[in-house]
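**Student:** Here are the chains, one letter per residue:
Number of protein chains: 2
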Amino acid sequence: MKAIVLVIDGLADRPVASLEGRTPLEKAEKPNLNALAQMGITGVSDAISPGIRAGSDTSHLAILGYNPMEVYTGRGPFEAAGLGMDIKPGEVAWRCNFATVDDDLTVIDRRAGRIEDTEELAQAINENVNLEVEFEFKSWRYRGALVFKDEGLSYRVTDTDPHATGVKVEKPRALESEAEKTAKLLWDFTLKAHEVLKNHPLNKGRELPANFLLARGAGVTPELENFEAKYGLSSFCMATTAIIRGIAKLAGMEVVEPEEKYADRIKQALELLKTRDFALINIKEADEAGHDNKPDKKVEIIEQIDQAIEPLLEFARENYVVVLADHSTPCSVGDHAGDTVPVVIAGPEVRKDRVEKFDEINCSYGALGRIRHRDIMPILLDLLNKAEKFGA
Amino acid sequence: MKAIVLVIDGLADRPVASLEGRTPLEKAEKPNLNALAQMGITGVSDAISPGIRAGSDTSHLAILGYNPMEVYTGRGPFEAAGLGMDIKPGEVAWRCNFATVDDDLTVIDRRAGRIEDTEELAQAINENVNLEVEFEFKSWRYRGALVFKDEGLSYRVTDTDPHATGVKVEKPRALESEAEKTAKLLWDFTLKAHEVLKNHPLNKGRELPANFLLARGAGVTPELENFEAKYGLSSFCMATTAIIRGIAKLAGMEVVEPEEKYADRIKQALELLKTRDFALINIKEADEAGHDNKPDKKVEIIEQIDQAIEPLLEFARENYVVVLADHSTPCSVGDHAGDTVPVVIAGPEVRKDRVEKFDEINCSYGALGRIRHRDIMPILLDLLNKAEKFGA
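Chains D and X, in that order, are what the protein sequence lines are.
Per the working numbering, the first sequence starts with residue 451, numbered consecutively.
Per the working numbering, the second sequence starts with residue 451, numbered consecutively.
Do not take every clue at face value.
Put simply, identical chains are the same to the list, so a pair is met inside one copy or across any two.
Below are the EDC-like pairs computed for lysine to aspartate or glutamate, each with C-alpha atoms no more than 20 Å apart in a straight line [to be verified]:
#1 Lys-807 <-> Glu-586
#2 Lys-724 <-> Glu-764
#3 Lys-452 <-> Asp-746
#4 Lys-839 <-> Asp-785
#5 Lys-654 <-> Glu-582
#6 Lys-634 <-> Glu-707
#7 Lys-631 <-> Glu-806
No lab work stands behind these hints: they were computed from the structure.
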């Protein structure tokens, strides 16, 4: 028996006035998600605990059975791993953006005009910035990650990113005395990188030069127990988002490049599962529609995903399929919220409940009741007959 | 007000094809269990947490309000206490089987032909094995328990029982350096017991001589808070299973011999409750039918139990009755699984919900929601008006 956990990012929502008070998921035509609900056992799940707003990182850690309270200190290390950097437990990392600042370090554009080609700039930084600590910087378009390759540093420093334009970049502050060194090193790096960038030929003549690196989300790299060792399941992760790929990589999972179309991704996953036990698939776009407050767009994406997953109905006859959202991204909030998300588990041994539709309210009447994301893997292991008994 | 907690061992199950996709509990005629559901408040419960497969030992500890994560290290001490041995906190114990091995210690039969009469063999071991540590061995038919009467030992050693026939017995290994002494002592005991047994007159001429003791489930005896001191309830436990009797004994509960027939046991319990406050009753056989993959047998046992409990309906008018399973034992799995179990609480002050049938799915629609076994005693104490207020 194999298992797929399909995370429809940001799927859950709240009633939307323009959808006659329905959520995008309630509004969408979704025969295949409903069929899974009819075959399976349903419920609602909290990413962390009731009301807590989770990131995609903390929620995916929980879905994979790791305790975010223990392993998560900031997004930096997961971004770095997701960019393919070789980051080690104990190292401190940041998510960075190439930005445009003026002469007195006021932020003009937090993404430097969404600059595309930054490889050469990253190389210049790695080669020309001299720091007391060994570091590595890597970029992908306007995004990047910075890693300090030293195990003794505290991550407890504030961001240099002011998270706004028209204001000055922020000098990082230590949030505990042990972090003074990190704060000093980060500011040293930031100013030296600024020197390298503002004089770089690639920036000459750019209307919005990529002349600054804004850092945020400092975190220390956790030692995640290897997924296969933890569960006895060979696995892969299919996701377009760096931070989710990073989590999978730090958990020792194989990270695969998804096909462009949703339907092709599902076929690709089913093919890969012929030689592997477990797939974590994240589909991102419903979350983006939530962030952008576009309920109609969200409905459309849900319907596209629903069409694509039709082969999962057959797969779930002899294997297990879990579908859930990592968190809710209500259009009205335009960001992640702390509502529960619907969850369905379909497969040969589940106790079918009476729920016939896969949505926020119907699933709250399911036989799973209200669980937490960290319960998903134990429930799945039990169904896969891979669970060990605690006691005799 | 008095209370009965009736544990129908291994009652919960999964859909069974030969029962038209119903569980044995759904299939069974059970007017009395349904009547309790109609009178009471229902829900589902996790022995430990969602998906975790519990033993009968860890689940009963949880039902009695002890935290298995804190007090449970292995079945040995509970087996020893259940055999009536006087075992003290800190002492290490094992569950043992009399077995048959050949000259090179290959296991021929893990139960020595289910030998019945082993008292003399046990006596010979206690009298003739000389060990560096004081020990006690006690047997009941082919089963037994070994206790090292020394508080300083680590229990972290592997079993000598290879859990299979046709393979050699295993020399115990220390799982931490502090356990080297325990491993050495256990092996010393095992070889010396083998010498005593293989030369014992009772074994002469037996086709499957009881010439070896296989040990497993090493654990250190916990200090369980006395049940009556913890809850202010005088209590007794009625169970046929040694390990459950052992838990009750270590909790300071009275352990009573059950009558043969289920109906007589219920009458016996109601009689005993005239002078006591609380009864834990375990009925074992549904679990055995699950282990043996016999759904029809399981249905039959459930129906027998249902008939026997009819007097509980009257009892529940002025007292409390809780019925639940310790864990699920799905016929398809043939062992304990991590599914929820149905639970009903009937009694004068409960909020009646809308559930009319006592089974896995119906109870998941009950007003208790999804709880954990460790919640049972606090809920019951509250209903019995014995709970203290936390706060002012």
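**Student:** Determine for every hint whether it applies to the structure shown.
**Tutor:** Verification of the supplied hints:
1. Lys-807 <-> Glu-586: neither (49 Å within a copy, 61 Å between copies)
2. Lys-724 <-> Glu-764: within (14 Å within a copy, 58 Å between copies)
3. Lys-452 <-> Asp-746: Intra 34 Å, inter 30 Å, cutoff 20 Å: neither.
4. Lys-839 <-> Asp-785: between (40 Å within a copy, 9 Å between copies)
5. Lys-654 <-> Glu-582: neither (29 Å within a copy, 80 Å between copies)
6. Lys-634 <-> Glu-707: Result: close neither inside a copy nor across copies, 38 Å intra and 53 Å inter.
7. Lys-631 <-> Glu-806: Answer is neither: 57 Å inside a copy and 59 Å across each miss the 20 Å cutoff.
The structure fails hints 1, 3, 5, 6, 7 (numbered hints given earlier, in ascending order).
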